Structure formats: structure tokens, C-alpha cells
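Q: These protein sequence lines map, in sequence, to chains X and C. Using this note's numbering, the first residue of the first sequence is number 1, and each one after it goes up by one. Using this note's numbering, the first residue of the second sequence is number 993, and each one after it goes up by one.
Warning: the hint list may mix true and false statements.
With a cut-off of at most 30 Å between alpha-carbon atoms, the simulated BS3-like pairs for lysine-lysine come out as follows [stated by the list, open to error]:
| no. | chain 1 | residue 1 | chain 2 | residue 2 |
| --- | --- | --- | --- | --- |
| 1 | C | K1057 | X | K603 |
| 2 | X | K440 | C | K1024 |
| 3 | X | K382 | X | K152 |
| 4 | X | K265 | X | K218 |
| 5 | X | K878 | C | K1042 |
| 6 | X | K2 | X | K347 |
| 7 | X | K744 | C | K1042 |
By construction, these hints were calculated from the structure, which means they are not laboratory data. Here the structure is a predicted model, which means the values were calculated and not measured.
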Amino acid sequence: MKSINLKENQFIQFHQKISFKFDGVKYFGYKGDTIASALLRNNINLVGRSFKYHRPRGIYTCGIEEPNALVQIISEYSEPNTRATIKKIYEGMEIESQNRWPSLENDFGSINNLFSPIFTAGFYYKTFMGPHKKFWKNLYEPLIRRAAGLGKPPKDFKGISNHIHHNVDVTIIGGGLNGLLAAKSFINSNYDVLLIEFEDRLGGIINNSNKISLIDNKEPKDWLKETIQEIEESKNVKILKNTLVTTYNYINHLIAIEDRFVGSKPIEGKVNSTLHKIRTGHTILCNGHIERFLSFQNNDLPGIMLSSSFEKYMCRYGLSPSKEPVIFSNNSNSNSLVYSLIKAGLKPKAYIDSRSGEEIEPNLFDLIRKNDVPLYTNSQIKGAFGNKKIEKILVEDSSGALNEIKCDCLCLSGGINPDVHLFTQSKGLLDWDEKDLTYKPSKPFQPTITLGSASGQFNFDNLNSEINEKLKTFKVKKLDVKLELNTNTKYNIEKLWEVSPQKKSLWAKSFIDLQNDVTTKDIRQAITEGFDRIEHLKRYTTNSMGTDQGKISSINALGIVSDLLDKKVNEVGTTIYRPPYAPLSFSAIAGRNCYEFYDPERKSPIHSWHIKNGAIFEDVGQWKRPWYFQINKDESMHDAVQRESKNVRENAGILDGSTLGKIEIKGEDALEFMNLIYTNSFTKMKQGSARYALMLGEDGMVKDDGIICKISDQHFIATTTTGGAATVLGCMEEYAQTEWPNLKVFMNSITEQYATFNISGPKTREIMKKAFPNINFSNEKFPFMTFQFHEFNGIPIRILRASFTGELGYEIYIPSNSAPKIWDNIQSLGKEFGLAPYGTETMHLLRAEKGYIIVGQDTDGSITPIDLGLSWMIGKSKKDFLGKRSLTRSDTIREDRKQLVGIIPSNKADKLEEGQHIILDKEIKSPVPMLGHITSCYYSSTLGHDFALAVIKNGHSMIGTKAYASTSSMSTTGVDIVKPVFYDEDNKRLVS
Amino acid sequence: MLIINCPYCGPRDQSEFSNGGEAHVKRPDGSKEIGDREWGEYVFIRANPKGLFYERWVHTHGCRKWFNCVRDTSTDEILVTYRLDEKKPNLNNFKSVVKTPSGEPEVGSGNFTVEK
Ligand SMILES: [Zn+2]
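For reference, chain X alone in the conformation it holds in the complex:
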């Protein structure tokens, strides 16, 4: 295909040369060129290899509907599957063709074309069904993986996308003739209007074709300039260019992606794209139409192009891809291409129309006769032939005779479809138009208006009346635009979906989906095999399942299926076009919610001290908590944990517990409320005392635990687990509002307002005395499970005597801002007593030695307080609390429920692991009755061996018996089932 540059063009700067590389070779294009137009200018027609058969493919269209010309942009972090027909070139751009090896010209994979008779519809699925499983693993999978595909994955690139929200009255999608007229009607009205255009300029068909000769007696381009200026100057219409609406959601919610680097190289770290999230009162779809192709043998050869795309290259890019293309059409839409060619001083090599001479538009007839263009009416192309490019076609004329025509380019038109993708995304209904042979929008589901060819108005006669009628509800000014056309006004089409090949051959291919290499034969085969429902057929053949969603071909497939099934197209139905309209990158969707902003990190006020002191952190929800502290780089986690835990048992340790959830509950009825939320009864509890409490779901299962401090009957402070804080507060609020609105109670999170230090160990009292000399820490004055408010150096603090380690312990609550100072002070004062910080792992070990559970580790949402042996925590005399009635459900009083027990290896040297199953037999013989599993497991240097907590069926009654823990190597370890407490069973140390 030899192209020529047309002399004048308002969009291409012929004086500004741009160099770029395609497959390593340097070429020149002009400013304004897309990759496709620049390649065509350089007479490059072979652009890629096809998905399945590796057939040579060229440029088929001039827009977003492109199925073939997908390229990899090497100069942009190797961005794959970029449509060459929309991506603009820039200086130094590097482009590579896809899916070929070793080169585009000599592609080894094209051997697939020889084997094509076996790669038919459902091939992929059939490979799963083969006789030998080995076939899939050793033959099919590697074969399919190597052969199929488009581009290669891109390289790392930190693209940034911004999200912008719009709230407008009207959104007009498409800045073509109808979009501009609609926008014009709204100028200076009271409506906020957004006009969105995918291309870098407004005008649509005015720029892309020679269909219109005069608008309001002006040259179209002059009219366009004036209209755009009017719109730009208006106060209420905002224009977004380079912006593609990809998604039309419920409640007129639109997603549009704006490319911020059109015609230049995206810069890393800069905003590359903007995702517009638009909420609009009304949506006006003016997104036009898409031309479809026709199926005949080898309709995929490079050099074959849609006719309106050819015309767009002429009008929009000042380029005629060929000097003398052959045109093959079944409708009037290609008339204007003939007009454009002749206007440019060129002419078609032949005009072939499936329609009879009487049906062909008189204007076209005159034009063809006057210019001596060979005309074939009532004729069809039986096939196109050539080596990697079209060289000749075979035409069957009205008499049935075959004519061979040599050509380097073939323009096709199989009719046009309204671009209904967004309309169907909005859940609007389509209706088949038997005259225009296409699906058109019928019933909108949302406040959606369609105008022009997007609504199926393929003629211009009703331009004014359609807009005036459909925009009536807005009471905007009426339009009266006078339009004169260069070609006929009435759209006319004759049914033609497919031309059968001249010779039947296993290798003859008429494509119905170019991107996914689906042939019309595949459609026939699928129907024969019983996949005659359109949604089944789509998946079985993969027709229209490519990234282009079959924009130029899916209606043809419906036509072929309806003929094969002898059904009306409306009865066949159509598959659903799904968002997005065209692929958009994940980085655009993620916006700023990525990298350090993906999930916020929460840090305690002591965080920087932890970093300085060798803390290794663990994520607990969003919190960063010290897991353990390394005293030197060589210390292993095991060693650190044993050192820390030994120090707590022998001296004293300090844990940063600031992440624990803290909720303050106040109000006249706070006591009654707390009695309803927690299992415990707080009524008889003294002011200034604290209580370990459980919270259940209504199903009776343990949801959270914590310590409740009673300041008065009207004032409580509750702690929650680190991860459960938000849920517990949410639950309290829910019940306060929905179930007990009569209770006067309020609650608020104070988690981040207070830091918490947990100090425990036999020497703790000495440290506390030294740190807070004015406070009496004696057992009499400060008993276990009580708390006191004090002031320390002007800072209000609360000290709670409680412990999660089993040692004498205190929790200090300090306003966050003052916490680091007091923490530092305690560290230095505590040194002489051996005080050392410990992390969450040591905390877990120490609490497990005492048999204290961790909600979410030892429980999993199916464990009741009774299962945990915590019946004493249930306020049985209370009338009601969350989940109370569930504790006597038939399921919760079952005897064989999983219950919490302790596990120690019978041979103390044996190791245990979390997750191990507890079974009764030493030998593993399937089926193995499973009793339950180990939920927590540690090595204790205090005990000198491994120990574990486990939940096992009927566990409480099994205490004192022997069982086995299964290992991953199919052997077992003998274990003793014991009470879930391994250290200081009488709590002597706790209350010392």
C-alpha cells in the first residue's frame, strides 16, 4: 500500500517533523500524527501478528475501535497493547510490534496458521478434557502460553493519577456535531454542563469526513471555530478534551479518564492521567457510531481498512493510505469516501456494492460514472489474497462471473452501528432496527438522552427536531441549524454479513473477530456443538471478548447467528457491553491511594523511641507495634523473646500498649448500657475498680474482650483489642441507637488521645514507687483490678493495676502528647531494676503461659465463653445482654463443642506448632477424626519446653488424657491434654 500526503490539512503540521522508531528502525512523522497515521505515511502496513494464528495484521481503523494495530511503547516503560490508531507520536518515541518472534516479517509462530484446523472454537476448553492429564501440563499449557497473547508485561513505572469529582446537571458525552449543538443549546442557561470529548479537538464528523458541505451557509470548519469559541466563552459549559468516558454506572455516575500526556512522553512522578468521577443529573450521549466490517476469506490481510477510517485519514491526518483503493460496501455510508477521493484528485480502483444498481444512490452513481470508476453492483468479494499484504481480490459480479482485481488497498463498509456501549452500561434497552440492520437505543433506564447517530439517527434530516424535542424538558433555546451535505442524506443498507469463500478448504478463514482470531467457521461449529445461546457462544468461541469488545464485528456475529438459527436478531439477543469502554490502567483507578497512601499507618506516640531501640515491628491492623527488640543485629527473634520474657518473670518489663482500643462511655444510663453490651455484671462493682469483660455477638460467640474501668455508674472506660476497637465502638453505637434509644448514653473513641504503658514483673512496684513517689502502691491502698487518677508534674494520668503477663503489673494511661517524656523517665529510673522493653511476641508468650486468650487467635467466631471455660464471666442474673439467649441454644449447649485446653508434649523435648491437628490415634489412617487444632504455641524458657493452647471437641472432659498432634510429615507427636494454665495457677504473683 503506497500512501500519499495530501497537500493541505488543518490538523497536521507538515513543517514539524517528528522522528520515532518502530521495531528499531527510525522513521519520520508529523506533529499531530498518531502512530498509525505515521506508519501509513511511511508505507508500513504490517504492524503486528494476530493473537492465535500469528497472521500478519495491519491497521484496520482510525480510532478507538481498532482490533489489530496494538503495539508496545518501549519508550513508555514498555506499555503494551496500545492502540496505534489513537496514540499520538512524539520525538524519540520507540514502538515495538507484538506477538512475533524472531521478527514481524519472519514470525515463527505463524506455523500456528498451518495447524489452525485444530485450534478451532472451544480448543482451549477441549484441552482440559483430553484423555491424559499429562497432555495438558506438558503439551497444551506450554503451547498455549507460548503462542497466544498480545504484548509483554510493562516495566515498573510510578505513574500518578489524580481523581477529580464533578457534580453537574448535564453531561454531554461526545463533542461531535450533535454534542456541540447540544452544548450550544445550554450556553448561558442555568445548568452546569460538562462536554467530554475523547479526541484532542472538538468536531467529530466535521473533522473526520467530507459529508457536510455547509452549516448555516458557512464552511463547516468556520462554523466549528465560531461554535467552539461560543461554548468556551460561556460560563456554564466546561469542556474536557482527551477524556474518554469508560463507565456509565447507576444514578448517572460516570467514570472518565483524561490523558495528560497527549503527543508527549509521560514523566515519572508527574500526574499522567486524571480520573474524573462525574455525578450528573442528565447524561446526553452524542458518542456517534462505529462502522462495521464484513466477513469474507482473508478479510484480515494488511491493506484492508474500514472505509470511513480511510476517509478519516484523509480529512483528519492529510494522508491517503493508498492512491487507488478498492471500495466494497453494502450501504450508503461509504458514499462520502468516493466523494473525498475524487475531491482529492484520486479515485477508487473499483467500487463494488452488494446492492443492485437501482438501490445505489443517484449522486454516487453520477460521481462514479463521471469519473470512470469501474462499478460492480450486485457483487461481492469472495476473498482477498496476497503475501503479508493484500495483492488482489476476487469479485463475483451480478452475472456470477469471477473477476480478479489487483489492488494494494481495500476499503470495507458493512454498515454502521450506534455506539451503544455506554447506553447498555447504563442499563438502557436496545431494539433491533430491521431497516437499518442494527441495534438502537430504545428505552433508557436512567435520565439518559441519546442524540444523532448515537441514537440511531443516521440521516441529518431530523437534526434540529430531534435535539429540540429531546432537550424540551430543559426549556433551553431552540435550534435551527441549516445543514447542506455533499452526499446523499438517506441511510440505506442491504443485509450482508458474510460472503462464503470460493473454494472450501480447511485453511480458508473468514474472520468475525480480528483481535481474538475467531472465524465464521468457529461460530458454525459452536452452534453445531450446541452453544446456540449468544452468551454461551461468545464464551465458547471468545467472539468479541478481546479488549475491543468486538466494536466493529459483534453485530455481524449476531447477524450470522440469526441466519444460522433462522431467528430474528432480536430473538437472538445481544451480549452485554461491559465497562470499561476501553482498557484503562490500574494506576488510574488507584489514583493517590497507592504506595505510602495505600493504607494509612498508625503509630504510637512512642514509635520513634522504638525505632532507636532496635524494635522489629509487626502490623496489627493499621498499627505498627514492636514485635520484639533486638539488643544487637545478631540476636534472633527466638533469643530476643526468651530474653524479654525471662526478664519480665525475674525483673520487670514494659510494653507499649497504646494501640489498645479505648472507649469512654458516659451518661445517666451508662451502667445499664454496659450491662447490656458485656456479659459481665457491673452493678455491684465498686467505683474505682476494674473488670475483665467479654463482648458477644447475638449468636453467643466471643467477639471481643477488654478491661472495663468503672469511674461511676454514669462513667466507664472500656479497652478493646487493638484490631477490634472500631468494631466495638460501632457495635455500641448501633445498639445505643437502634435497640435501646431510650437509654441516655454516649460513647466516644479515646484510643489516640491516651498512650498506655504496661509495666509488669516482680520488681514493678519498686519502679512505680520511684517514678511516682507520691502514690502509695501497697496492696492495701492499690489492690489488684483497681485504678486511680493522679497528677504527675501537671499531667493527668490514670494508673490501673492489671496484668496480662501473670506478674504484678500496672497500666499507665497518659495523654499522648506527654507520653514520650514519661516513657523516657521510666526507662531511666527502671534501669537499676533491670527494666527492659518487650514486644508483642513476648506478651503473647507470657499471656499463654497464664492461659489468657487472644480473641481472634484462640477464638474464631465459633467459640462461646463456656467453650473457653469463662462461664464465671457471665452475669447469669442479668435479664439481658448481647447474645445471652444464644448461650442456651441447642447448638451452644452441645457437649462435643470445641473447648479450650492446654497441650504439652508428652516427651518434653518434642516440638509443637500452631495449626497442628489433635487426633486420638498414633497412626494416621484416613479418614482421621479431627478433634480440633492448636491455636497458640510457644517455647517457654520458664517451663523449659513447648506448650500450647488448643480448641478440641469435648476438650474440658479430656483434660488429663493423652492424644496426638499430627505433623506435616504424616507422623504424630504424643501430647498431654491439660488445663489451659501453665504458670502460677493460684495467681499468687498477680496479687503479690
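Given the coordinates of chain X, work out where chain C with the ligand should sit on it, guided by the hints.
A: Just chain C with the ligand, lined up with the frame of chain X:
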């Protein structure tokens, strides 16, 4: 994404809210004897109709207030939102389409874009 009209704050994006399931489910009175069946239904059983549905929402990332609404589960349209202390509206006041947007058959989950 839906727009939900919080009775306290006004219309806001759905992302600010959390769904709380069926509304007007009465919690049995704990001070009285509650049968296994009655309690079981309260804890585990919720209606799941296609069409008009009383539903609870909470303005989690807003005023944190719970409120009720009537939502058409077949179109996702929220027909009315109201405070917890307001009387529940009569469903007969609303037009029930009981049909998905695409006009699919009443039973089943096929998806068609063409009217059947
Ligand atoms: Zn609100």
C-alpha cells in the same frame, strides 16, 4: 455507586455509608421467655426480596447515625430514607417494578439487553 440521602446530613456518596441489613427486625425482649425458634429467627433469618425492601444504613464516615430506607433491590433505587424514630412508610406508596433494569425474567439471573 449510589447516592444516599442521610436524614441528618443530606445526600452523600455511598462510600460514606455501611449497610446494616434488613430494617424493622425486632429484638426479642430479654426479660421474657424467648423460644428457640423466635430467637433463632431473630439472630439468623433475614428477608432477601427482589423488589422493595426496608433496609438499615449507617453514615459511618459522616454523622455515624443509623437510619432506615426503602430500597428497590431490583433497581438499587433508594426510594426514601427516614430516621429511626419515624414510622415505616407503607410499601404500597411505592411503585414496585420487581424486574431488573434490563427486563430480565422475574425468576433467574440471566442478563439481557433486549426486551423479552
Ligand atoms: Zn449523616
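Q: So, for every hint listed, does it hold in this structure?
A: Results of checking the hints against the structure:
no. : hint             : verdict
1   : C/K1057 / X/K603 : 28 Å, holds
2   : X/K440 / C/K1024 : 63 Å, violated
3   : X/K382 / X/K152  : 36 Å, violated
4   : X/K265 / X/K218  : 38 Å, violated
5   : X/K878 / C/K1042 : 40 Å, violated
6   : X/K2 / X/K347    : 14 Å, holds
7   : X/K744 / C/K1042 : 38 Å, violated
When held up to the earlier numbered hints, the structure conflicts with 2, 3, 4, 5, 7 and fits the remainder.
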